[in-house]
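As they're listed, the protein sequences go chains F and X.
With the numbering used here applied, the first sequence corresponds to residues 1 to 328, in that order.
With the numbering used here applied, the second sequence corresponds to residues 329 to 660, in that order.
In short, the hints are calculated from the structure, not lab data.
Keep in mind it's a predicted model, so treat the numbers as computed, not measured.
Some clues are possibly wrong.
[As the list claims (entries may be wrong)] With a Cα cut of at most 20 Å, we get these calculated PhoX-like pairs of lysine-lysine:
no.	chain 1	residue 1	chain 2	residue 2
1	F	Lys268	X	Lys592
2	X	Lys538	X	Lys428
3	X	Lys580	F	Lys268
4	F	Lys268	X	Lys538
5	X	Lys592	F	Lys203
Below, each chain spelled out in residue letters.
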Amino acid sequence: MAATETRKDVVLDVKDLRTYFRTRWGEVKAVDGVTFDLRKGETLGIVGESGCGKSVTMLSLMRLIPMPPGRIVDGSISLDGEDLLQLSEDEMSKVRGSKIGLIIQDPMTSLNPVFSIGNQVTEAIRIHQDIPRHSVMERALDVLRKVNIPAAETRVRDYPHQMSGGMRQRVVGAIGISCQPMVLIADEPTTSLDVTIQAQYLKLLKDLQQDSDLSLIFITHDFGIVAKMCDRVAVMYAGKIVEMGSVRDIFNNPSHPYTEALLASVPKMEEDVDRLYAIEGQPPTLHNLPPGCSFAARCPYVMDKCREQYPPEFNVAEAHHSACWRLE
Amino acid sequence: MTTTAQAASGNGSVLLEAQDLKKYFPVTRGILLSKVTGHIKAVDGVSFQLREGETLGIVGESGCGKTTTAKMVLMLERPTEGTIFFQGDDVYGGNEAQRKEYRSSVQAVFQDPWSSLNPRMRVKDIIAEPMVINWQLSRNEIQQRVMELLNNVGLNDYHSNLYPHEFSGGQRQRLAVARALSLNPKVIVLDEPVSALDVSIRAQIMNLLKDLQAEFGVSYILIAHHLATVRYMCHWVAVMYLGQIVELAPVKELFDNPLHPYTKALMSAALPSHPDTPQEEMILTGEVPSPLNPPEGCHFHTRCPMVMDHCAFDIPEVKEVTPGHFVSCHLY
Numbered sequence: 001m002a003a004t005e006t007r008k009d010v011v012l013d014v015k016d017l018r019t020y021f022r023t024r025w026g027e028v029k030a031v032d033g034v035t036f037d038l039r040k041g042e043t044l045g046i047v048g049e050s051g052c053g054k055s056v057t058m059l060s061l062m063r064l065i066p067m068p069p070g071r072i073v074d075g076s077i078s079l080d081g082e083d084l085l086q087l088s089e090d091e092m093s094k095v096r097g098s099k100i101g102l103i104i105q106d107p108m109t110s111l112n113p114v115f116s117i118g119n120q121v122t123e124a125i126r127i128h129q130d131i132p133r134h135s136v137m138e139r140a141l142d143v144l145r146k147v148n149i150p151a152a153e154t155r156v157r158d159y160p161h162q163m164s165g166g167m168r169q170r171v172v173g174a175i176g177i178s179c180q181p182m183v184l185i186a187d188e189p190t191t192s193l194d195v196t197i198q199a200q201y202l203k204l205l206k207d208l209q210q211d212s213d214l215s216l217i218f219i220t221h222d223f224g225i226v227a228k229m230c231d232r233v234a235v236m237y238a239g240k241i242v243e244m245g246s247v248r249d250i251f252n253n254p255s256h257p258y259t260e261a262l263l264a265s266v267p268k269m270e271e272d273v274d275r276l277y278a279i280e281g282q283p284p285t286l287h288n289l290p291p292g293c294s295f296a297a298r299c300p301y302v303m304d305k306c307r308e309q310y311p312p313e314f315n316v317a318e319a320h321h322s323a324c325w326r327l328e
Numbered sequence: 329m330t331t332t333a334q335a336a337s338g339n340g341s342v343l344l345e346a347q348d349l350k351k352y353f354p355v356t357r358g359i360l361l362s363k364v365t366g367h368i369k370a371v372d373g374v375s376f377q378l379r380e381g382e383t384l385g386i387v388g389e390s391g392c393g394k395t396t397t398a399k400m401v402l403m404l405e406r407p408t409e410g411t412i413f414f415q416g417d418d419v420y421g422g423n424e425a426q427r428k429e430y431r432s433s434v435q436a437v438f439q440d441p442w443s444s445l446n447p448r449m450r451v452k453d454i455i456a457e458p459m460v461i462n463w464q465l466s467r468n469e470i471q472q473r474v475m476e477l478l479n480n481v482g483l484n485d486y487h488s489n490l491y492p493h494e495f496s497g498g499q500r501q502r503l504a505v506a507r508a509l510s511l512n513p514k515v516i517v518l519d520e521p522v523s524a525l526d527v528s529i530r531a532q533i534m535n536l537l538k539d540l541q542a543e544f545g546v547s548y549i550l551i552a553h554h555l556a557t558v559r560y561m562c563h564w565v566a567v568m569y570l571g572q573i574v575e576l577a578p579v580k581e582l583f584d585n586p587l588h589p590y591t592k593a594l595m596s597a598a599l600p601s602h603p604d605t606p607q608e609e610m611i612l613t614g615e616v617p618s619p620l621n622p623p624e625g626c627h628f629h630t631r632c633p634m635v636m637d638h639c640a641f642d643i644p645e646v647k648e649v650t651p652g653h654f655v656s657c658h659l660y
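Please put together the full structure from these sequences, using the hints given.
If you want it as structure tokens, here you go:
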């Protein structure tokens with residue numbers, strides 16, 4: 001009974017997603033069997049280093065993978081009970097922006113420099129919502145006020161270059177939420193912002209979420225953002241989720257060696273650390289993955305079995321699982 | 329900033345000292361008969377000291393003048409006012425030979441290892457170039473020194489024949505460090521040396537830089553915006569806001585007892601290292617004002633949560649609150 005109750009809240013259910021790219025070095029398995037779900041009003045963090053597949057996962061959810069060379073080989077993405085991978089391109093473009101919103105990293109390039117702010121914010125509303133033309137601008141002003149743009153009435157006539165980075169990222173956020181999506185994906189939304197502006201922006205996202213029961217996916221490389229913003233975390237390495245659990249479980253009891261090492265390698269502001277733990281070596285190249293566990297070459301606890309067979313997911317605690325042979 | 333007091337509280341001898349450095353960039357209008365209409369005060373009266381074998385961190389947001397300060401230390405920008413003393417000598421007062429010597433004892437490692445290494449040069453030539461220019465060494469000696477440097481930064485001899493594109497980001501940053509070390513410099517300016525790297529690689533480079541400091545006794549000026557990095561790497565920290573140092577203290581003192589409201593705000597804006605870390609909510613409103621037209625009085629008063637009436641017109645003086653801890657704020 002309890003299980004069906006929780007299933008009800010699930011907004012987004014991703015199962016065994018595989019996105020491969022054909023390159024001249026062979027097939028690159030950028031996302032290789034990723035499974036997670038997202039509940040209503042929840043914030044999920046997807047953490048990993050560059051090339052681990054976190055951004056490709058995000059692009060697959062939006063069906064924005066350039067095809068060719070990429071293709072979604074397998075899996076299902078069900079949003080509100082509807083499998084996005086079965087939709088036609090036309091149907092999908094109705095979902096994009098209205099049911100899933102997206103905030104990408106760089107506000108300098110994600111806004112069009114030759115259209116005014118007002119034009120760009122109203123675009124999504126005009127396309128997705130059936131409201132009279134004269135009230136479209138009112139809706140746009142509403143969302144701009146929601147993201148705390150001062151003097152929104154005059155700012156709508158501005159062009160992106162007239163705004164600062166923080167303001168631009170707010171506008172991108174306003175476009176993201178303009179059609180009240182169920183899921184908002186934020187791909188490193190604050191990496192290009194200054195620290196104090198980042199704090200403002202993160203608080204804004206939290207407030208927006210509380211107002212409208214929005215589900216958020218945070219794609220980041222920064223455990224600090226996870227600690228501050230997320231309820232659950234998925235740690236990705238070489239195209240796979242290696243560990244997933246609630247934020248507190250992951251921070252207090254990291255059970256995959258990669259998670260453990262990543263957490264130990266970040267300097268802390270609150271305490272003196274004599275020497276940071278450094279993970280040896282480099283992340284593997286995805287077109288030439290070794291058999292077995294992809295982290296084996298850098299893992300301090302490596303066993304013979306790790307080099308032969310990829311570990312299945314082991315449950316560490318309730319809703320906390322990790323793919324490592326040590327847990328067998 | 330009263331530099332004598334800062335000296336008294338440290339242990340190493342002062343290697344480099346900046347006194348009241350200013351850099352104003354003119355803003356012009358018109359093309360042919362251009363008129364100067366104002367100045368961007370990128371750096372507006374900055375003083376600090378760097379001791380042997382120590383690291384001074386400069387933190388602040390974009391546009392606060394930290395990179396311009398670093399460029400003046402590297403002699404890439406000439407200060408509008410103020411001077412830099414290196415081992416007691418005014419670096420801008422010397423002759424060409426002295427300036428050349430200064431330049432070879434102060435080296436730099438930049439943020440982006442993809443653009444700071446020439447893609448058309450082999451690693452051995454990149455690392456050897458400063459020595460070819462500054463030292464009269466035979467080809468053999470240079471070759472030997474290149475190998476030694478590569479080993480110092482954790483690379484192998486066979487890497488010397490490769491080109492930069494054959495390396496990963498972390499390895500490239502190691503190459504940049506090797507090049508900076510080649511002339512046995514006394515000071516290395518590190519401008520955001522790890523922020524372009526992946527999380528798991530950052531710790532490797534930070535540890536390497538610390539090891540090299542312990543081994544060769546080189547001093548670092550670290551430009552960074554990430555406070556935890558600063559805490560890990562530095563002995564002294566200067567916090568900059570709109571071209572001025574608002575607080576300067578030994579690293580432990582600054583993190584245990586931040587005084588300036590801006591420093592406090594930066595710390596509360598920094599991301600926690602654990603979800604249960606208690607955090608003060610002190611979110612600044614607004615953005616950094618333009619350095620073209622900074623606010624009167626205390627530059628920070630427009631965003632300061634503790635603002636008082638006279639902050640708007642009185643410029644706060646630099647006060648030494650506890651030995652070695654300087655702050656410029658009317659609260660103290």
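Consistency of the hints with the structure:
1. F:Lys268 with X:Lys592: holds, 16 Å
2. X:Lys538 with X:Lys428: It is violated: about 27 Å lies between the C-alpha atoms, which goes past 20 Å.
3. X:Lys580 with F:Lys268: Distance ~13 Å between X:Lys580 and F:Lys268 Cα, so the pair holds.
4. F:Lys268 with X:Lys538: Answer holds: F:Lys268 to X:Lys538 is near 16 Å, not above 20 Å.
5. X:Lys592 with F:Lys203: Satisfied, since the Cα-Cα distance of roughly 18 Å is no more than 20 Å.
Hint violations for this structure: number 2 only, all remaining hints satisfied.
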